[in-house]
Structure formats: structure tokens, C-alpha cells
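J.: Residue numbers (this note's numbering), protein chains in the order written: chain Z, 1 to 155; chain P, 1 to 161.
Treat the hints with caution; some may be incorrect.
Facing chain Z, according to a computed beta carbon distance under 10 Å, are these residues of chain P, among others [said to hold, decoys possible]:
id, residue
1, Lys-26
2, Glu-50
3, Arg-55
4, Lys-60
5, Leu-64
6, Val-109
7, Thr-113
8, Ile-121
9, Leu-125
10, Arg-126
11, Val-140
12, Ile-146
13, Phe-147
Covered stretches of chain P (in silico footprint by chain Z; criterion: 3 or more residues with CB under 8 Å from a CB of chain Z, positions within the stretch not fixed) [said to hold, decoys possible]:
id, stretch
14, 27-34
15, 127-138
Restricting the straight-line Cα-Cα distance to at most 25 Å, the calculated cross-link-like pairs of lysine-lysine (BS3-like) are [claimed, not checked]:
id, chain 1, residue 1, chain 2, residue 2
16, P, Lys-115, Z, Lys-91
17, Z, Lys-31, P, Lys-96
18, Z, Lys-31, P, Lys-115
19, Z, Lys-55, P, Lys-65
20, Z, Lys-43, Z, Lys-62
21, P, Lys-20, P, Lys-65
What the hints contain is simulated information worked out from the structure, not anything from laboratory work.
For clarity, every value in this text was computed on a predicted model and none was experimentally measured.
Even glycine gets a Cβ: it sits at the ideal position worked out from N, Cα and C.
These are the residues of each chain, in order.
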Amino acid sequence: MIRIRSIMTRDVITISKNSTVREAAQLMASKSVSSLVVVERNKPVAVVSERDIIKGVVSKRKNVRDVMGREFMVVSPQATFSGISRSLKEKKIKRFPVVENGRLVGLITETDMVEATRDFTRFHQIVQEVILAIFGFATAFFLFYFSPVGASIFG
Amino acid sequence: MARVSKIMLTGVPTLKKEAKIGDAAKLLAQAQVGCVVIVEDKNPIGIVTELDLVRNAFSKGRSLKESVSRIMTSPVTLMAPDMKLDEALKIIDTKKFRRYPVVENGALVGLATKKDVVNAISDNLRFHRNIQNIVLILFVLFELFIFVLGKYMPQYLPFGI
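Please construct the entire structure, taking both the sequences and the accompanying hints into account.
T.: Following this line, the structure appears as C-alpha cells:
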């Protein structure tokens, strides 16, 4: 069971909804992040993605308030990876601010999910090879048991 | 193992390298794919992603009339449609990009993303793992059966010990 706490981005960059789109773009560039969380009294009210910024620039909107995405889902750090992955696929929600005791502690985006999936894949491959090795040894013992040498040892 | 052609996105927006940043922004605001491939005679020479636009153009206050070639990522790593997914994953692990134009006979045919490759491999692995484990368990049960038979009722074994 993979908890959100272990895969979330901890350094969430926040912005006020009264900031300009240009400021948001500069913040993304200086902090090297792709999403900003819009907070109001410590509560996440929206998430701004790179796409929101681009849409804002194309339609000549000035403020973060006019471009921010309202489609997000607040999750707890104890939530599981599979639960979120279901919301991602079925509801097409891509941003998950992580809130604990009313405080914003992290953010999960699609990129974090892909990275986590990549790591599990690697982990599963190792587990699979260990299982194969164990069964391999069982079979080797089986053949040895019925061989003349094995028979003389085990009677 | 599936191939890149099975998971790649088609209909990727393209622009010539003479195009302006504003054109790329307009395409990206509408398109479902998060990038525009910059082509020269159908041959991809660079890529402009949402990240390039926001971090290299908007944040620095570049004019939307400047050429896209100033903010594009170039050269790009290409993939072939008949490439196996685990080869693709190896490239992704070493290159650290998220998007790879897929080229056949020198022309752009699609776009492979890290997300699609990783998800396809993960689903594939889960499916194969279940089958493999069932086969292994049946095999070991069979071994155990022969083992017990050979030990306690050797007369029923078709071969002697």
C-alpha cells in the first residue's frame, strides 16, 4: 500500500489570487515548478498549471484569479496511491493538494504519479525475480531428490 | 511486449521554425498534447513544451512575436514506431525528457510520452505477473504431488526411484 505522503512534492509554492499572470510565470521559472497552489487563509482554493498561464497569456488576462483552475481535489497524506489514480483516470482531475490538520503540506500532480509508477515497476520486477529464484530452487531440489545421488542421501 | 506505435499520440501540433512564440502559445492553449513539435520539411528539429513557454518566454517577458526557435528545446531525442516499450523506457531513463517525437522514414508520425510508456509497461507487467505466478504455483503444486507420491506410494509412480 503506497501512501501519498511518500510520493508527494513537499515544497509547495503558493501564490495569491491577486498576483498577475506574469508574476506566476516568474515564480514557476525561479522555483522550477510546474504548478502553483492558490491559497486563501491557508486553504487551497485553486491550482495554477503551466497550461492555465498559457491560456491566460493567449486570451490576455492579467490576474491569476482569472486563469486559475478550480478542478482539484484535496487529499490527506494517508490517502492511497490507487485511490488517487482512480480519480485521475475517471474524473480527469490532475491536481491534488495534500492537506493535513487544515494545513497545506504537499502537492501531487500527474508527474509525481508517473514517477511513482516508474519506481513501482522497478520494485515489482525485483520482487518477480526473487519469486522466480525461489521456485527455481524448489524445482532444483525436486529434481535432485529423484536423482540417484539424492536418493542415496535421502534414502 | 508492445511497441511504441501502439501507445503514441497522433495528430501532434507542428510549427515551422520561422513561426512565432505567439503561434505556439495559441496551439498549446487549445491542444490536448502539452507540446508543439518544430519541424523542417516534416523532420522534427525541436520541441516547445508548456514548460519552455512559461519558464523561457513569459517569465522573461519575451515578446510573442519572437521566433519559437529561441525558446525551443533542440536537438530532440527521437523514437521509432517499431521500438519496443522497454527500449523506449531505457531511453526515457537516461534522457530525462518527458516527450519524444516518433519518426518513420524521416517524417513525424506521432509523439511518445513518458506517462504513456510507463503506464503501458506497468499494466503489462501486472497482467504478466499474475499469469506467471499462477503457472508457477501450479507447477510447484504438481512437484509437491509427485514428491508425496514418490515418498509414500511409490508403486503408483510411472517411473521408479
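J.: Indicate, hint by hint, whether the structure satisfies it.
T.: Verification of the supplied hints:
For Lys-26 of chain P, the interface hint holds, since its Cβ comes within 10 Å of a Cβ in chain Z; the closest pair sits about 6 Å apart. At its closest, the beta carbon of Glu-50 of chain P sits 4 Å from a beta carbon of chain Z; the interface hint therefore holds under the 10 Å criterion. Here the hint on Arg-55 of chain P is kept, as its CB sits about 4 Å from the closest CB of chain Z, short of 10 Å. A least Cβ separation of about 8 Å between Lys-60 of chain P and chain Z falls short of the 10 Å threshold, and the interface hint therefore holds.
Restraint check, Leu-64 of chain P versus chain Z: the minimum CB separation of about 8 Å is within 10 Å; hint holds. Given hint, Val-109 of chain P at the interface with chain Z, is violated; its Cβ is 23 Å from that chain's nearest Cβ, farther than 10 Å. Hint status for Thr-113 of chain P relative to chain Z: holds, with the closest Cβ pair at about 9 Å, below 10 Å. At a threshold of 10 Å, the smallest CB-CB gap from Ile-121 of chain P to chain Z is about 6 Å, leaving the interface hint in force.
Below 10 Å, beta-carbon pairs count as interface contacts, and Leu-125 of chain P has one with chain Z at about 6 Å; its hint therefore holds. With a least beta-carbon distance of about 8 Å to chain Z, the hint placing Arg-126 of chain P at the interface is held under the 10 Å criterion. Hint on Val-140 of chain P holds. Least Cβ distance to chain Z is approximately 6 Å, under the 10 Å limit. The interface hint given for Ile-146 of chain P holds, since its Cβ lies 7 Å from the closest Cβ of chain Z, which is under the 10 Å cut-off.
With a least beta-carbon distance of about 6 Å to chain Z, the hint placing Phe-147 of chain P at the interface is held under the 10 Å criterion. Given as covered by chain Z, the stretch 27-34 of chain P passes the check, having 3 residues with a CB less than 8 Å from a CB of that chain where 3 are the minimum. Judged by the Cβ-Cβ criterion of 8 Å, the stretch 127-138 of chain P is covered by chain Z as claimed, because 4 of its residues qualify and three suffice. At roughly 17 Å between alpha-carbon atoms, Lys-115 of chain P and Lys-91 of chain Z fall within 25 Å of each other, so this suggested pair holds.
Proposed proximity of Lys-31 of chain Z and Lys-96 of chain P is supported: the alpha carbons are some 19 Å apart, at most 25 Å. Pair hint Lys-31 of chain Z plus Lys-115 of chain P holds up; C-alpha atoms about 23 Å apart against a cutoff of 25 Å. At most 25 Å may separate the alpha-carbon atoms for a hinted pair to count; Lys-55 of chain Z and Lys-65 of chain P meet this at roughly 17 Å. Simply put, Lys-43 of chain Z and Lys-62 of chain Z have alpha-carbon atoms about 23 Å apart, close enough for the 25 Å limit, and the pair holds.
Distance hint between Lys-20 of chain P and Lys-65 of chain P is fulfilled; the C-alpha atoms sit about 5 Å from each other, no more than 25 Å.
Violation of the numbered hints given earlier is confined to hint 6; every other hint is satisfied by the structure.
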